[in-house]
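Colleague: The residues making up each chain are set out below.
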Amino acid sequence: MGKRLSTYGPFIPVLALYVIIFLVGKGVQGMWQVMAMLTFYCALGQAFNIFLGMTGYVDFGYVAFLGVGTYGMALSITYLAHQGMTGPAVIIIGFLLALIFPALLSMAVGAVALRLRGAYFAIATIGVNEGFRYLIEGAKIWNGSEGMIFTSELNQVLGRDTASGLSTFWADVYLFIIAALAALVTLHFMRSRIGYALTALREDEDAAKVMGINVTKYKIIAFITSACFAGLVGGTSWALKTPYVFPPEVFEIHYTIEAIIIVLLGGAGTLMGPVIGALIYGLSKYYLSIILPGFQLLIFAPIIIVIIIAFPDGVMGVVKQRLRGTSLARFIE
Amino acid sequence: MLLEQLAGNLFQGLVLGAVYGMATMGLSLIFGVLRIVNVGHGAFIMVGAFVTLWLFTALGISPLVAVPVAFVVGLGLGFIFYYTAIKKLIKAPELASLLATFSIGILLEEVIKLIFGSEFRGYNWALPKIDLGVTVLPLSKLYACIGSIIIALILYLWFNKTRAGTAMRSVVEDTEGAKVCGVNVDRVYANSFAIGIGLTLASGVLLTMFIPVGINPYMGGSYTLKAFVIAVLGGLTSPYGAFFGGLVFGLIENGSYTLFALIPGVEPFALTRFLSFLMLLVILLIRPTGILKGK
Numbered sequence: 231m232g233k234r235l236s237t238y239g240p241f242i243p244v245l246a247l248y249v250i251i252f253l254v255g256k257g258v259q260g261m262w263q264v265m266a267m268l269t270f271y272c273a274l275g276q277a278f279n280i281f282l283g284m285t286g287y288v289d290f291g292y293v294a295f296l297g298v299g300t301y302g303m304a305l306s307i308t309y310l311a312h313q314g315m316t317g318p319a320v321i322i323i324g325f326l327l328a329l330i331f332p333a334l335l336s337m338a339v340g341a342v343a344l345r346l347r348g349a350y351f352a353i354a355t356i357g358v359n360e361g362f363r364y365l366i367e368g369a370k371i372w373n374g375s376e377g378m379i380f381t382s383e384l385n386q387v388l389g390r391d392t393a394s395g396l397s398t399f400w401a402d403v404y405l406f407i408i409a410a411l412a413a414l415v416t417l418h419f420m421r422s423r424i425g426y427a428l429t430a431l432r433e434d435e436d437a438a439k440v441m442g443i444n445v446t447k448y449k450i451i452a453f454i455t456s457a458c459f460a461g462l463v464g465g466t467s468w469a470l471k472t473p474y475v476f477p478p479e480v481f482e483i484h485y486t487i488e489a490i491i492i493v494l495l496g497g498a499g500t501l502m503g504p505v506i507g508a509l510i511y512g513l514s515k516y517y518l519s520i521i522l523p524g525f526q527l528l529i530f531a532p533i534i535i536v537i538i539i540a541f542p543d544g545v546m547g548v549v550k551q552r553l554r555g556t557s558l559a560r561f562i563e
Numbered sequence: 014m015l016l017e018q019l020a021g022n023l024f025q026g027l028v029l030g031a032v033y034g035m036a037t038m039g040l041s042l043i044f045g046v047l048r049i050v051n052v053g054h055g056a057f058i059m060v061g062a063f064v065t066l067w068l069f070t071a072l073g074i075s076p077l078v079a080v081p082v083a084f085v086v087g088l089g090l091g092f093i094f095y096y097t098a099i100k101k102l103i104k105a106p107e108l109a110s111l112l113a114t115f116s117i118g119i120l121l122e123e124v125i126k127l128i129f130g131s132e133f134r135g136y137n138w139a140l141p142k143i144d145l146g147v148t149v150l151p152l153s154k155l156y157a158c159i160g161s162i163i164i165a166l167i168l169y170l171w172f173n174k175t176r177a178g179t180a181m182r183s184v185v186e187d188t189e190g191a192k193v194c195g196v197n198v199d200r201v202y203a204n205s206f207a208i209g210i211g212l213t214l215a216s217g218v219l220l221t222m223f224i225p226v227g228i229n230p231y232m233g234g235s236y237t238l239k240a241f242v243i244a245v246l247g248g249l250t251s252p253y254g255a256f257f258g259g260l261v262f263g264l265i266e267n268g269s270y271t272l273f274a275l276i277p278g279v280e281p282f283a284l285t286r287f288l289s290f291l292m293l294l295v296i297l298l299i300r301p302t303g304i305l306k307g308k
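So the protein sequences, as listed, match chains A and B. Just so you know, the first sequence maps onto residues 231 to 563 in the working numbering. Just so you know, the second sequence maps onto residues 14 to 308 in the working numbering.
By construction, these hints were calculated from the structure, which means they are not laboratory data. Since the model is a prediction, treat every value here as computed from it, not as a measurement. Treat the hints loosely; a few may be bogus.
[What the hints assert, rightly or not] Pairs of lysine-lysine residues, derived as DSS-like cross-links and limited to a Cα-Cα distance of at most 27 Å, are as follows:
1. A:K515 with A:K256
2. A:K471 with A:K370
3. A:K550 with A:K515
4. A:K471 with A:K515
5. B:K101 with B:K192
6. A:K515 with B:K126
7. A:K550 with B:K104
8. B:K142 with B:K126
9. B:K192 with A:K439
10. A:K550 with B:K126
11. B:K192 with B:K100
12. B:K174 with B:K192
Pulled out of the complex, with its shape left as it was, chain A reads as follows (with noise of 0.2 Å):
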């Protein structure tokens, strides 16, 4: 029992603060809305983590699994309910779609990138959202730049009214679970041969490898499990949520942005920092655009900035050391 507490103590704060976030959402009069965003934020954060935060690999275009997802998503139910397909294994094969879709493209793009160390990886990452973006809409591939609306379709598939409680409540629902998932395989990670090996590779990468560590290998796991997460991500929060879909819309590179806050914010690395960097950003984000709508990104900026230089490790690296040698350690992560 000790041992298994070490190994898998860090998860129950972290899960602890999920609940909060649900039960606050659903007992306190109008937080739904702002509970689901915020859920939203801390899966963003806890898939985007995987990588960026166990490899410190700059992946500029994250976004384009998520985009990628929403389509596995809105394919999935537009197809098969133009089949004749109805009831709930329509949205499950969604789910497949949402990972098979972004697991081939972080392969085909990991095979390429993830040869490449640092500045040039984020180099090359850079242009991969805005390449399939307009991939899809210059060879015009899922209707192109019109998009997909399959609102009829999924009422079709599952009727109007589970449909509606759908958008409203069960897609926030299995993001809380995508979220509390994604945090159990970083901690599952960061406990097993992967972690280390790593962290090694975050550290010195040469060295790394003359110790006789594949690095390559543990980045592409890191790459494609951190993108499979993603697009259950965007399946479940764009698709499920709000059933259309526009390239410019799920390929916006803002939505990389604000996984790098987040993460950064928290703690790149750490198991509770994508928790913590959402809810501080989601919070401040909410709060910024009811006082002074608009401004939310020129002064989130100057704030990045201060943080890299004066706080590398963000709100969980300076937890993390002051609680070291105490009891409370092994629940931190």
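Since the structure of chain A is already known, use the hints to place chain B on it.
Modeller: For chain B alone, kept in the frame of chain A given last:
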């Protein structure tokens, strides 16, 4: 007919390519000397475009005069950002400098949006068009092309004939060695960053001559991507490599547009953008040191 059209477009591509090349020299200079990728590159181009717009519409000053003005503004911005942020990040992991330059880009976009608003703007510099046989070219574009070549030549001379330029080249070659030989590396870093940003702002002035009504706070993003492709074509650390990379890129972009337009049922403009991304990946895969540079 098609060949004529292709020849005309390729010529236009060459003219635009010279400006693209010049617009990438700053990026390559900064990466070569500081080993920092300026992910906010396009935002600095955008600021240059707004300097032009403001000088022309508010004060009636010719865009040609705007080139040195933008360069000086860029020098100032470069020094400010260098001493407030970049200096502390040179030794930090790449993650830090990438995110810092990215955030600087966002900051610039938002500040410009605050001042000028987010709608598309343009200015009307009424210059005649000239007929060159293969194609008809507005005189303003020709000025932009010639201006780019002159700036590239000045940079070349400055690099090779002045002490400061030689010091910069020595840091590109071997930072430690330069330090040992008495080069003030810190000052070279600051100067290179400022000059790189200055060049980028100046290129923003020249680029406005190709986008009559396309000046907007968020116009920089597509130039960032193009600049990366061009810089990678030219070997990423060499400003001249970048200049020739720009020429090649201009040719490919305009040539492929002509060819994509022949395929029925596609959007050729979007496909050229996809192609530039594909080029980026392929070049990085087969030859990260650049196509145009020898081994």
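Colleague: For each hint, tell me whether it holds in the structure or not.
Modeller: How the hints compare with the structure:
Of the pairs offered as hints, the one joining K515 (chain A) and K256 (chain A) holds, with about 21 Å between alpha carbons and a cut-off of 27 Å not exceeded. The straight-line distance between the Cα atoms of K471 (chain A) and K370 (chain A) is roughly 25 Å, inside the 27 Å bound, and the hint therefore holds. Note on K550 (chain A) and K515 (chain A): the hinted pairing holds, with a Cα-Cα distance of about 26 Å set against a maximum of 27 Å. Taking the CA atoms of K471 (chain A) and K515 (chain A), the gap is near 21 Å; set against the 27 Å cutoff, the hint holds.
With a C-alpha separation of about 19 Å, the suggested pairing of K101 (chain B) with K192 (chain B) holds against the 27 Å cut-off. For the proposed pair K515 (chain A) and K126 (chain B), the alpha carbon gap of about 19 Å is at most 27 Å, so the pair holds. Restraint check for K550 (chain A) and K104 (chain B): satisfied, since their Cα atoms lie roughly 24 Å apart, inside the 27 Å limit. As the CA atoms of K142 (chain B) and K126 (chain B) are separated by approximately 33 Å, the hinted pair breaks the 27 Å bound.
At roughly 30 Å between alpha-carbon atoms, K192 (chain B) and K439 (chain A) are farther apart than 27 Å, so this suggested pair is violated. Distance restraint check for K550 (chain A) and K126 (chain B): the Cα-Cα separation of roughly 39 Å exceeds the 27 Å cut-off, and the hinted pair is therefore not satisfied. Our distance criterion of 27 Å between C-alpha atoms is met by K192 (chain B) and K100 (chain B), whose separation comes to about 17 Å. At roughly 20 Å between alpha-carbon atoms, K174 (chain B) and K192 (chain B) fall within 27 Å of each other, so this suggested pair holds.
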